[in-house]
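Undergrad: The residues making up each chain are set out below.
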Amino acid sequence: KNQVEQSPQSLIILEGKNCTLQCNYTVSPFSNLRWYKQDTGRGPVSLTIMTFSENTKSNGRYTATLDADTKQSSLHITASQLSDSASYICVVSDPGGNKLTFGTGTQLKVEL
Amino acid sequence: KAGVTQTPRYLIKTRGQQVTLSCSPISGHRSVSWYQQTPGQGLQFLFEYFSETQRNKGNFPGRFSGRQFSNSRSEMNVSTLELGDSALYLCASSLAGQVSYNEQFFGPGTRLTVL
Numbered sequence: 001k002n003q004v005e006q007s008p009q010s011l012i013i014l015e016g017k018n019c020t021l022q023c024n025y026t027v028s029p030f031s032n033l034r035w036y037k038q039d040t041g042r043g044p045v046s047l048t049i050m051t052f053s054e055n056t057k058s059n060g061r062y063t064a065t066l067d068a069d070t071k072q073s074s075l076h077i078t079a080s081q082l083s084d085s086a087s088y089i090c091v092v093s094d095p096g097g098n099k100l101t102f103g104t105g106t107q108l109k110v111e112l
Numbered sequence: 001k002a003g004v005t006q007t008p009r010y011l012i013k014t015r016g017q018q019v020t021l022s023c024s025p026i027s028g029h030r031s032v033s034w035y036q037q038t039p040g041q042g043l044q045f046l047f048e049y050f051s052e053t054q055r056n057k058g059n060f061p062g063r064f065s066g067r068q069f070s071n072s073r074s075e076m077n078v079s080t081l082e083l084g085d086s087a088l089y090l091c092a093s094s095l096a097g098q099v100s101y102n103e104q105f106f107g108p109g110t111r112l113t114v115l
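Those sequence lines, one after another, are chains D and X.
When we follow the numbering used here, the leftmost residue of the first sequence carries the number 1, and every step to the right adds one.
When we follow the numbering used here, the leftmost residue of the second sequence carries the number 1, and every step to the right adds one.
One chain only, chain X, in its complex shape (with noise of 0.2 angstroms):
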């Protein structure tokens, strides 16, 4: 069974720019969560997708959007960038119920850089 994967592995933009992720969670995982990843911060959560509704949202400025498609694909957004958003992006993927309970299968991530 093919695991998360997440693309495009490398991003490099500028302050003001707007950027798109994507992640595709693993066959049958009907949950997929964000998270931002900085040196010295660790994981913080950004938010959760169940049946293309957002579940759960962490403590993110309102330009970090997402949203799930019917085949459980996410994507999310981060519009006007800062310099603060360079970071790695981790998508993970579990099976329909809470996270808390779940076992969470991540991507290998997508390293943002904002020049």
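The following block holds chain D by itself, in its conformation from the complex (with noise of 0.2 angstroms):
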């Protein structure tokens, strides 16, 4: 069964400071690798989307990379923010072209 498992499952940081989320997964092969961010109460945003042949993408903050022979992805925030508090979820999608399969997230506090 093709899984995604995210570490940790929560997280709490001083404002300002990095972090580092992490995701293993064993969907084999896949096509792309997302990483969505979901406020309270909200609809996931998508944050960054790699392919198989991408190591790394940012977006502001906000840099994930991947390593598809260990099969895992890390999602890091710079100098975080009050605002960055939300679940973070990151997904793999096989390569049939129908399938996503969601890690169950990782919730991130960022406190003053």
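Note that these hints are calculated values from the structure, not bench results.
Where is the CB? At the ideal position from N, CA and C, for every residue including glycine.
Please note: incorrect hints may appear among the correct ones.
[To be verified] Pairwise CB distance ranges, derived in the manner of DEER restraints: (1) I12(X) - F52(D): 41 to 47 angstroms; (2) T53(X) - E111(D): 44 to 50 angstroms; (3) E103(X) - T40(D): 20 to 26 angstroms; (4) N18(D) - G97(X): 33 to 39 angstroms; (5) S10(D) - G84(X): 35 to 41 angstroms; (6) T70(D) - Y101(X): 31 to 37 angstroms; (7) L112(D) - S65(X): 32 to 38 angstroms; (8) G41(D) - A96(X): 18 to 24 angstroms; (9) T70(D) - T14(X): 45 to 51 angstroms; (10) G62(X) - N55(D): 22 to 28 angstroms.
Mind assembling these two chains? They're in different frames, but the hints should get you there.
TA: What follows is the structure, given as structure tokens:
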């Protein structure tokens, strides 16, 4: 069964600090890996989309990396802000075209 | 360009009732997918519609159904509601291609509570 596992499940950091969220997946082969940010009570918003041939992709203070050999991805957040408090979801898509496998997310809280 | 809209935003029903949720995709998007999100389970895929046809389906019982209209708007219906159906139901739209290759844009969701 294809799985996407994220760690940690939750994380609390101080404003201004950096943090890294992890995503391990068993989906193989895959066509792309996505990171979404979901604010409480809202729908997920796409942060990055990486194909299997890409190693890194940035979106402002968010940088995603991908190691297709170890089937791991990470999302690094630089100089965190209170508005970064949200759930971050890793999603892997299969090359067949019609299936997305979602992780259960990492709940990040940024405090003063 | 307006985003994905979902109505209603909140809904309270009792066991045994049925419910219909609505989703209007981004203009020009022809694919609409529905997801159920519960704490600890993450997003679970319900089904995807493209050009008024169900293209893909997840592992949910037949009580969950949907349809898509010619203007790409979509509805999902849940009959004989159970307590376990309480969840956030998310709709996502994308361009015509397969969901694996096209970015999905999510709506704000409908929070369904079953009492």
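Undergrad: Assuming the hint says 22 to 28 angstroms, is it satisfied by the Cβ distance from G62(X) to N55(D) or not?
TA: violated, 44 angstroms
Undergrad: If you check the beta carbons of I12(X) and F52(D), does the distance land in 41 to 47 angstroms?
TA: holds, 44 angstroms
Undergrad: When you take the CB atoms of T70(D) and Y101(X), is the distance between them in 31 to 37 angstroms?
TA: violated, 24 angstroms
Undergrad: Cβ-Cβ distance between T53(X) and E111(D): within 44 to 50 angstroms?
TA: Since the Cβ atoms of T53(X) and E111(D) sit about 48 angstroms apart, the hinted range of 44 to 50 angstroms holds.
Undergrad: Does the beta carbon distance between T70(D) and T14(X) stay inside 45 to 51 angstroms, or does it fall outside?
TA: 49 angstroms Cβ-Cβ, so the 45 to 51 angstroms window holds.
Undergrad: That 33 to 39 angstroms hint for N18(D) and G97(X) (C-beta), does it hold up?
TA: Hint holds: Cβ distance 36 angstroms, inside 33 to 39 angstroms.
Undergrad: Is the distance from the Cβ of E103(X) to the Cβ of T40(D) consistent with 20 to 26 angstroms?
TA: For T40(D) against E103(X), whose Cβ atoms are near 23 angstroms apart, the range 20 to 26 angstroms holds.
Undergrad: Taking the beta carbons of S10(D) and G84(X), is their distance inside 35 to 41 angstroms?
TA: violated, 24 angstroms
Undergrad: Is 18 to 24 angstroms right for how far apart the beta carbons of G41(D) and A96(X) are?
TA: violated, 30 angstroms
Undergrad: Does the Cβ-Cβ separation between L112(D) and S65(X) fall within 32 to 38 angstroms?
TA: violated, 47 angstroms
Hint compliance for this structure: hints 5, 6, 7, 8 and 10 are broken, all remaining hints hold.
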